[in-house]
Structures are given as C-alpha cells and as structure tokens.
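Q: Sequence:
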Amino acid sequence: MTAPIALQLYSVREEWNEDARATLEQIARMGYTAVETGAFAGDPVRQRELFDEFGLQVVSAHMPPPVDEATADIVAAMKILGTDRLVVPWLDPQKYYQDLMGVQEAADLLNEAAEECAANDLRLFYHNHDFELKRIDDELAFDLLLVRLDPSIKFEVDTYWVQVAGVDAANAVADLGAYAPLLHIKDGPLDRNKAMLPVGQGAMDFKRIIDAGEEHTEWLIVELDRYDGDMLLAVAQSLDYLVLEGLGRAK
2 MTAPIALQLY SVREEWNEDA RATLEQIARM GYTAVETGAF AGDPVRQREL
52 FDEFGLQVVS AHMPPPVDEA TADIVAAMKI LGTDRLVVPW LDPQKYYQDL
102 MGVQEAADLL NEAAEECAAN DLRLFYHNHD FELKRIDDEL AFDLLLVRLD
152 PSIKFEVDTY WVQVAGVDAA NAVADLGAYA PLLHIKDGPL DRNKAMLPVG
202 QGAMDFKRII DAGEEHTEWL IVELDRYDGD MLLAVAQSLD YLVLEGLGRA
252 K
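The sequence shown begins at 2 in my numbering and counts up one residue at a time.
Simulated from the structure, these hints should not be mistaken for laboratory data.
Across the chosen pairs, the derived CB separations fall in these ranges:
hint, residue 1, residue 2, range
1, 192, 74, 33 to 39 Å
2, 56, 144, 36 to 42 Å
3, 196, 22, 23 to 29 Å
4, 93, 195, 22 to 28 Å
5, 195, 46, 36 to 42 Å
6, 169, 14, 28 to 34 Å
7, 99, 30, 42 to 48 Å
8, 80, 193, 34 to 40 Å
9, 247, 85, 25 to 31 Å
10, 241, 22, 20 to 26 Å
Cut-off 25 Å, straight-line C-alpha distance, at most; resulting in silico cross-link-like pairs (DSS-like, lysine-lysine):
hint, residue 1, residue 2
11, 135, 195
12, 208, 252
13, 96, 135
14, 208, 195
For glycine and all other residues, C-beta sits at the position ideal for the given N, C-alpha and C.
Take these sequences, add in the hints, and give me the full structure.
A: If you want it as structure tokens, here you go:
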C-alpha cells in the first residue's frame, strides 16, 4: 500500500499571504487531502476553519521546540490544529552544528522538548537540512545527534537536503527505518543555491527513496522551498507525478 500524500504549506506561503482561502481551495481541487502547516500560517483557529472547510487533514505542524514561555501557546495551537505530530523544522547551524558541544546542546534541547510533548500527548519530530550532515571530528553531525536523542523522537527526513549534502537519501531512509515515518519529497538540481523543481523533474530518484521507506512511511509530504515558476502549478505537477507513478496516493 502506498503512503498518502500531503503538502507542506510553506511551499505556497506567498499565495497563502495573498489569499489563504483561495489557495486552499485550489490545493483541495488538485487532489490533496492533507497538509502540513506551521507558524508562518498565522492564527491556528483561522487555519483550522479553512482546513475543515476544504476537508484537509492536518498531519503535522512545524513549530519551535516547546521548551520556554511559549510552550503553552504551542501546545494550544497543536490542539486546535488537531494533530499530535510536532515537527521542529530548524535549529541554528551556527549555534548547534559547529562542534560536539553544540550537537550535545541540540540533543538536550530536543530531549527537553520531547518531554514537554509527551506530557501534552504530542509526538516530537525533527526535520533536517543539509548542515546536520557535515562532519565533526570525522563523524556526521547527524549521527552524533542521533545517539544522544531520546528514542521517542522521530524524524521528518528531508530527502532533498540529505542528497544535497552528498548522502544517499534512499540509504538514509532505510537506515532510519521506523524512526523516519515522515518524508519530505522535493526535487531539483541538487544545488543548494538553485531553485527547486516539481517532483519528478529534477535529479532525485524517488522510486528508490520511497521503496526504502517500506511500511514505515506514514506520509509523503511535498515541499518546494522556492521555485522560479508558478508554485501552485509546481505542487499540482508534483502530486500528479507521485500518483501516476504509483509512489503515493491522493484523492
């Protein structure tokens, strides 16, 4: 059984800011039945109203680590959005991924966040970029992080950034196994300084990547950080490619 497909709304943040309702209407018409959202989308109550209007499930949300005075607001937003998957989308690479001490600080932060999540019936995920795959003392920073994390923490593997970093994304997904139930699916020229492309039009081998996830993959989440053309057309083409190739399922 193929995994269902969602859209990370960060892809259409400009369209969202112009007209959120019209943007979601188009996304639903494309065949998307689920989204991943984040703080960029604003008021969670308004988001939930729009998602319900167009029958869009919220599978996960990008949020800051719930470890400070904002914790109550973050937890409340997650409850309103109706998902228990809280994804930390980014940790400052200059602070956390320059040396082993920084990696330990990142692990401590995420472990504390995981405790807060567990206390509030939430699950914590971490989303990678390419900088977690740099070498520190001849080891990948990601590997150094992984062994320091509470085993309850899972990953949203951004397969594109893994490949950009020079690591085989399919092998990375296979190695993580059940620790990688969420996969970010994006395509492009594998150059961090160039814009991305609709899924299926770049250099990524998604058949290998998705096969590597096997039964562990819960959601394939399409995301384009930036694109030089019509973003709504790009996310529609991405969904069509995944469905037509039998790599994922949608409406």
